[in-house]
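Chemist: Residues per chain are reported as follows:
Number of protein chains: 8
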Amino acid sequence: MLLQKGQKVLFIGDSITDCERAKPAGEGLFGALGKGYVSMVDALLQAVYPELGIRVVNTGISGNTVLELQARWQEDVLDRKPDWLSVMIGTNDVWRQYDTPFIKDWHVYADKYEATLRALVAQTKPHVRNVVLMTPFYLESNEQDAMRRTMDEYGAIVRKIAEETGVLFVDTQAAFNVVLKDLYSATLAWDRVHPSQAGHAVLARAFLNKVGFEWNRA
Amino acid sequence: MLLQKGQKVLFIGDSITDCERAKPAGEGLFGALGKGYVSMVDALLQAVYPELGIRVVNTGISGNTVLELQARWQEDVLDRKPDWLSVMIGTNDVWRQYDTPFIKDWHVYADKYEATLRALVAQTKPHVRNVVLMTPFYLESNEQDAMRRTMDEYGAIVRKIAEETGVLFVDTQAAFNVVLKDLYSATLAWDRVHPSQAGHAVLARAFLNKVGFEWNRA
Amino acid sequence: MLLQKGQKVLFIGDSITDCERAKPAGEGLFGALGKGYVSMVDALLQAVYPELGIRVVNTGISGNTVLELQARWQEDVLDRKPDWLSVMIGTNDVWRQYDTPFIKDWHVYADKYEATLRALVAQTKPHVRNVVLMTPFYLESNEQDAMRRTMDEYGAIVRKIAEETGVLFVDTQAAFNVVLKDLYSATLAWDRVHPSQAGHAVLARAFLNKVGFEWNRA
Amino acid sequence: MLLQKGQKVLFIGDSITDCERAKPAGEGLFGALGKGYVSMVDALLQAVYPELGIRVVNTGISGNTVLELQARWQEDVLDRKPDWLSVMIGTNDVWRQYDTPFIKDWHVYADKYEATLRALVAQTKPHVRNVVLMTPFYLESNEQDAMRRTMDEYGAIVRKIAEETGVLFVDTQAAFNVVLKDLYSATLAWDRVHPSQAGHAVLARAFLNKVGFEWNRA
Amino acid sequence: MLLQKGQKVLFIGDSITDCERAKPAGEGLFGALGKGYVSMVDALLQAVYPELGIRVVNTGISGNTVLELQARWQEDVLDRKPDWLSVMIGTNDVWRQYDTPFIKDWHVYADKYEATLRALVAQTKPHVRNVVLMTPFYLESNEQDAMRRTMDEYGAIVRKIAEETGVLFVDTQAAFNVVLKDLYSATLAWDRVHPSQAGHAVLARAFLNKVGFEWNRA
Amino acid sequence: MLLQKGQKVLFIGDSITDCERAKPAGEGLFGALGKGYVSMVDALLQAVYPELGIRVVNTGISGNTVLELQARWQEDVLDRKPDWLSVMIGTNDVWRQYDTPFIKDWHVYADKYEATLRALVAQTKPHVRNVVLMTPFYLESNEQDAMRRTMDEYGAIVRKIAEETGVLFVDTQAAFNVVLKDLYSATLAWDRVHPSQAGHAVLARAFLNKVGFEWNRA
Amino acid sequence: MLLQKGQKVLFIGDSITDCERAKPAGEGLFGALGKGYVSMVDALLQAVYPELGIRVVNTGISGNTVLELQARWQEDVLDRKPDWLSVMIGTNDVWRQYDTPFIKDWHVYADKYEATLRALVAQTKPHVRNVVLMTPFYLESNEQDAMRRTMDEYGAIVRKIAEETGVLFVDTQAAFNVVLKDLYSATLAWDRVHPSQAGHAVLARAFLNKVGFEWNRA
Amino acid sequence: MLLQKGQKVLFIGDSITDCERAKPAGEGLFGALGKGYVSMVDALLQAVYPELGIRVVNTGISGNTVLELQARWQEDVLDRKPDWLSVMIGTNDVWRQYDTPFIKDWHVYADKYEATLRALVAQTKPHVRNVVLMTPFYLESNEQDAMRRTMDEYGAIVRKIAEETGVLFVDTQAAFNVVLKDLYSATLAWDRVHPSQAGHAVLARAFLNKVGFEWNRA
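As given, the protein sequences belong to chains A, B, C, D, E, F, G and H, one line each in that order. Going left to right, the first sequence walks through residues 1 to 218 as the working numbering numbers them. Going left to right, the second sequence walks through residues 1 to 218 as the working numbering numbers them. Going left to right, the third sequence walks through residues 1 to 218 as the working numbering numbers them. Going left to right, the fourth sequence walks through residues 1 to 218 as the working numbering numbers them. Going left to right, the fifth sequence walks through residues 1 to 218 as the working numbering numbers them. Going left to right, the sixth sequence walks through residues 1 to 218 as the working numbering numbers them. Going left to right, the seventh sequence walks through residues 1 to 218 as the working numbering numbers them. Going left to right, the eighth sequence walks through residues 1 to 218 as the working numbering numbers them.
Just so you know, not all the hints are guaranteed correct.
In silico DMTMM-like links for lysine to aspartate or glutamate, alpha-carbon gap of 25 Å or less [said to hold, decoys possible]: (1) G:5 x G:79; (2) B:8 x A:182; (3) G:210 x H:51; (4) D:35 x C:191; (5) D:8 x C:182; (6) G:35 x H:20; (7) F:181 x G:152; (8) F:181 x G:153; (9) E:104 x C:79; (10) G:5 x B:105; (11) B:210 x A:214; (12) F:210 x E:214; (13) E:81 x G:68; (14) D:181 x C:214; (15) G:23 x B:20; (16) F:23 x D:20; (17) G:23 x H:83; (18) F:81 x D:20; (19) A:181 x C:152; (20) H:8 x G:182; (21) F:8 x E:182; (22) H:104 x A:79; (23) E:35 x F:20; (24) B:104 x G:20; (25) C:104 x B:79; (26) G:104 x E:79; (27) C:181 x A:143; (28) H:104 x B:191; (29) B:104 x G:83; (30) B:23 x A:20; (31) A:181 x C:143; (32) F:104 x H:75; (33) B:23 x C:20.
Under 10 Å between C-beta atoms, here's a sample of chain H residues computed to sit facing chain G [to be verified]: (34) 25; (35) 29; (36) 31; (37) 44; (38) 45; (39) 190; (40) 196.
Derived from the structure by calculation, the hints contain no laboratory data. Where a beta carbon is used, it is the ideal one built from N, C-alpha and C, also for glycine.
Whole structure, please, built from the sequences with the hints as guidance.
Modeler: Spelled out as structure tokens, the structure:
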């Protein structure tokens, strides 16, 4: 288990991270962490490792692209001084290219995405113990689907940045692909983007496996 | 893993099972299973065993005692023809003795509780593949606390019935006791009864461990 | 133009027809016809053929399969004595097989669908001037997608019944396929099912073209 | 068809244009364009010319007169850099003279209306490809009605400015007059101002006809 | 003054009478009489003739035609045993012919209107001290307007029945015509049907004048 | 009739004047004048003198004492440039002395009341054609009641100022006293302060009589 | 102290007893007893005599007269088998004579009041240990006030019945009269009927004093 | 009785004091003092000592610790110039250590608590007649419970400061302990913190006893 006693773990991202979390910061009781994978990660950490006292904070905001993350990075990441930072971003950067193709101001193309995400990681690494980069994903099993192809391209960018900078990498698309063999995408998400609780369980498992969570711990 | 392809698993109980599930029956998409351990069990089953196609149904109702369960047993359990039935009841049977001690009509004492629960199990066993009896619990670490003592007594009744009838038994109090060594009860529940997500994770783990869920399955 | 002065045209179907129409019947002022293709058909008929005085009625209900249509056919179709009847059903019959695969009670398979729809047409034809059968559709351009394949199969059933019974046939999937060449499906519907206003315009055009609507009428 | 690939078309006006559009700008999914003729124009453009990728934006605001348009022209027209601009204004300029005759501060008389609208067109023409001026209208078939006479006077001003400046002109009153021969005004609008969907279809058709929309395009 | 000490005056009609009155019966404090002419009549009676103790009851219901009045006549008129009965009905009987001309089921034509109203008066006269028949009205000054002509026809029917049966007659259209010489109809009602407070003052004055109300009473 | 063609009449006061008027200024359609005597005055002026085109404005605010009036006098009276100004204030100045006797900060005693009101009249008279001072009132028939005595004292101050400055004076308490001979105070107002519609009719009559309104005008 | 261990005390009455209590019966946690004197009595009993375990039930209903009490007496008093019954009724019986004097159906005059209340006491006495009759009251210090005089008359009836039947009697008017010497009635209730918390404290004290509550108990 | 005629008594604290009081200051009618012990103290003072005219003000705010009190002390205590000040603070200072142990920023430890409270008392004493310090409390009868132990420690700090500074001291925990002998804690508060009305009665009694309130005063 890589997480250590008393550490603070901050998750940032878009609506998949947000999930109706409390504002301005999602932490504490009464569902403040939202209804998604962040809350599930926190619940399992507390249930299985109660003695570690891990503090989980959620600063995801619905609709964000990597550009909005950049705009609030100082306030919502650096000022909060986390020990661990987990980033999952890119869904909206890609989606807007496919759901509102005529409004090009809303698109964040791959080069801009890559440069911005790389800069954020570089700026942050000196200040935190660990960074986890999670790919964006698309709950579509057809790899030739146009939006799936673009999403895979953005996922490859995340992998590349993770490898270059030596931070932890979570391939959420790969984790979902296993499930999509048996379940049609609509079972996990009507819009192929916002997962059901089962989808959030896939994300929580992928994250926890990466940080060495021992599921069978007594 | 004891659950098999295509089986239907029905959970019944009180508010800890209900958790804002859809009415009349909690199943399907859009949070229909509620926000508690039932939803978490379903999410993990779907995420880890997508090929099994387990159907989870939630018929918990807030405020129920074993007497209310009995009154709707035909409609909410037998008519739904589950393969598996999981029952967690007794919280309100005990709690009313402690939070409204003057209103004795609302109390369900141990003998009534035992007789009713035993009858329900006997009536149901012939019609389902498996029954899981989960104890009620109280998130109080002091074993000498009056309400904790009563709750333990009801838990012992559940255990006795499970042993007599040979059905599966989940000791939720024991599962919580491990966590309560490190966490003060208010962290898990302000009222010592309705658990946080972490508390629901404890319940989901206890259930899944009992049915042979393999956490590390690839 | 096939519609004649003073005729009543009744549309029945699921949520794509319903679109927040007034209950119990969708007709009259103040958006009573809903926000979808039925309202657009009515608006264009009134704007372009004001002298015909066509009465449009909407009895679509969200979530309906062909079985629910059958259950309310007497009240919502026959008793209303329309001159024209337009039916578009099948979306939910198919969708439930893909979004809640474990809940088989909610699925309407092809044989049941075909028999029921055929019976409804046979029962109704003697009482109305014209019937229009519109296929269900799926806004997915990949013809090998599992749900698209099933939806195409149901569309073929609709075509077969229309040909057997000699009623008008509208291939909505074909109409959408033209648009899907240029627009990714998410532009028309996040969930590939409930169309944007542009999608409803595709449906309205397909219907109106079939009944001989003259778009350039002065 | 005058609209070309990738162009942005901006509509501005009063409540007839607004129709509950999203704020601050009406564009994108989920009904952001409102429920009126702008949404219908957009839907038909996307349905019939999906390959053109026309971007439609709605900045109408309920209750506006030409003076309020002037006050927000920089922000809501020029800064948005449309290729096409469509203006329909004047309803409230006239209506207030008839529904609140005692509150003269709220009236915009013909000379002020004409000067302001002419200035806006002059200021804008150099920055856009095309301007469309649509007349205000009044759904009253009696040409001797006092308010109808005033509205016709304002419509004549719009025509005069369009001719002087060589921009496209849409005579909405003329388009409605055709329909009013067969339908009493209350069918189209209880208040003779805010049209039903049929009335919005009249407006959408008048606009689209002016820009060369081919209704029978395959 | 025709009203005498302790008498009960019941008003029945459509939305112009209803005006958000309390249900099931509009009488008593806290705005129970609604916001229209009935409330104003009651207020003036109480303010100017406090010693008479007149009891005013409002049983108008929005949307009613004379047919709906007939259906609830026993319960809402006869069973309440008024001394005075005031009826103003016909707006919707006429309006539906003009705002939803295609839905003929909703129209109440002149012969049906006349026969029904006459029957109601005949049935009621023996049981009450006085009946007041008020004409329906249309706030349109153009006497050649189609709907105004029809409304005048219905007003003439009311006059004829009043004369035949010898009951009091209030020509509301005539009362409004005086005002319409100076005020455009939109000042009194956007939809030419539901009056502003000024319009309700016209109605209240017309009623009170007919029953001999002395405005200058000290 | 003292009011002349095209004049603006502004009413200011407390909750009895406010009566849910529109904010920031109560004028125009849709109940903007509130539900009290101001609306009734406006309705009767429009109904009986439609040719005069009187503009009525309501700037009453619930809870105000004369001190709050003073604080917003420039904005809510002088800047609006009325021809006529009607002031009815003092209810709360007195009431707080009786309903919250312990909170002396909320009381406005007679000397302060008199000085402030006199200053406001002096400041305003040069800018308007006419001022009407209406007394506050208390719907209690017992003249020895403590609060009634104080209210009478404030009414006497209003009379004194009106006489000194030669403006019109309306004795609302006297007008109510006539009615209170026949009606117990609870019929007009449960709290003896906020009148029913009948009470507002008393106020409207008192005002209109003072300005020469001819009730029997044809 | 007359109340004994484990007894049930039921309060019935009108809005002064109801005070937003839970329905169908006011007892238990979370403000179920309402916000008035019943809740205060319960709170003080539990705080000062926790060992007695007195069960307090509130079945007051707003607007009730003695006739409505009679209509639900079996269900809301007798079936609940209280040991003690406290009745405070008559406010509305009197108030309707003064606030809606024209609607005589709503009045309950003294003879009817007396006969009904006497019958209820007679019917109930054999089934309960003790009855407490509390007078209605009117927060008006002027004994010559018409409604106060009537209320005093009803209070005298209550006293007479109490004396005849030998049950406990609480003169609430007398208790309030002490306070009204120092506080103007509006401090205790704007409408002279629904008391502030201070007024409810007066009622609670009067009741508790009658049953021998020892305020200084350690 | 220590409170004297015309004095102002200000209560400050956390949610137990706040209880939905009016903002910005809780005083006056209509439940402005909230629903807790402050309102009950005020009600009893007014009911039993109406001639004293004590003014009670509530400035408690839910969730406050002693640090938030300090931040608003000038505005919410000193500027209001009370004669008496009652402070009950510390619940949240302690609770956060037990319900969100991982978020140490939210904890206020004993040394900080003591220093801050002492400073506030020192700063305030010269400006008020009397200070009452009430301990925080925890409705848990097990003295060995971890949070109860901490709360007792904070209570001891309050006692120490009271003794050092010579102000009045109310031991609320001691008052509750008496009741907890007979009632299980859940009867008084599900979360052991926010008391029922009975719990607030305990607090009100403890306060009033300390200031010499005579319960049996006639």
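Chemist: A separate judgement is required for each hint: does it hold in the structure or not?
Modeler: Consistency of the hints with the structure:
1. G:5 x G:79: Given that 25 Å is the threshold and the Cα spacing comes to 21 Å, the pair holds.
2. B:8 x A:182: Status holds; Cα separation ~18 Å.
3. G:210 x H:51: 24 Å, holds
4. D:35 x C:191: 21 Å, holds
5. D:8 x C:182: 18 Å, holds
6. G:35 x H:20: 13 Å, holds
7. F:181 x G:152: Roughly 22 Å between the alpha carbons, so the hint for residue 181 of chain F and residue 152 of chain G holds.
8. F:181 x G:153: Distance of about 22 Å is within 25 Å: holds.
9. E:104 x C:79: Distance of about 16 Å is within 25 Å: holds.
10. G:5 x B:105: 16 Å, holds
11. B:210 x A:214: With a Cα-Cα distance of about 18 Å, the restraint between residue 210 of chain B and residue 214 of chain A holds, given a limit of 25 Å.
12. F:210 x E:214: Holds, at roughly 18 Å.
13. E:81 x G:68: 23 Å, holds
14. D:181 x C:214: Holds, at about 19 Å.
15. G:23 x B:20: 22 Å, holds
16. F:23 x D:20: Holds, at roughly 22 Å.
17. G:23 x H:83: 43 Å, violated
18. F:81 x D:20: Given that 25 Å is the threshold and the Cα spacing comes to 35 Å, the pair is violated.
19. A:181 x C:152: Holds, because 22 Å separates the two Cα atoms, which is no more than 25 Å.
20. H:8 x G:182: 18 Å, holds
21. F:8 x E:182: Measuring from Cα to Cα gives roughly 18 Å; hence the hint holds.
22. H:104 x A:79: 16 Å, holds
23. E:35 x F:20: Holds. Residue 35 of chain E to residue 20 of chain F sits at ~13 Å (cutoff 25 Å).
24. B:104 x G:20: The given pair, whose Cα atoms are some 24 Å apart, holds under the 25 Å limit.
25. C:104 x B:79: 16 Å, holds
26. G:104 x E:79: Roughly 16 Å separates the two Cα atoms, so the pair holds.
27. C:181 x A:143: 18 Å, holds
28. H:104 x B:191: Holds: residue 104 of chain H and residue 191 of chain B sit about 22 Å apart, inside 25 Å.
29. B:104 x G:83: With a Cα-Cα distance of about 15 Å, the restraint between residue 104 of chain B and residue 83 of chain G holds, given a limit of 25 Å.
30. B:23 x A:20: At roughly 23 Å apart (the allowed maximum being 25 Å), residue 20 of chain A and residue 23 of chain B satisfy the hint.
31. A:181 x C:143: Satisfied, since the Cα-Cα distance of roughly 18 Å is no more than 25 Å.
32. F:104 x H:75: 19 Å, holds
33. B:23 x C:20: 22 Å, holds
34. 25: 17 Å, violated
35. 29: Constraint on residue 29 of chain H satisfied, holds at 6 Å.
36. 31: OK, holds: residue 31 of chain H within 10 Å of chain G, min 8 Å.
37. 44: Holds: closest Cβ of chain G sits about 5 Å from residue 44 of chain H, inside 10 Å.
38. 45: 8 Å, holds
39. 190: Given a least distance of 7 Å, the restraint on residue 190 of chain H holds.
40. 196: 6 Å, holds
Consistency note: the structure conflicts with the earlier hints numbered 17, 18, 34.
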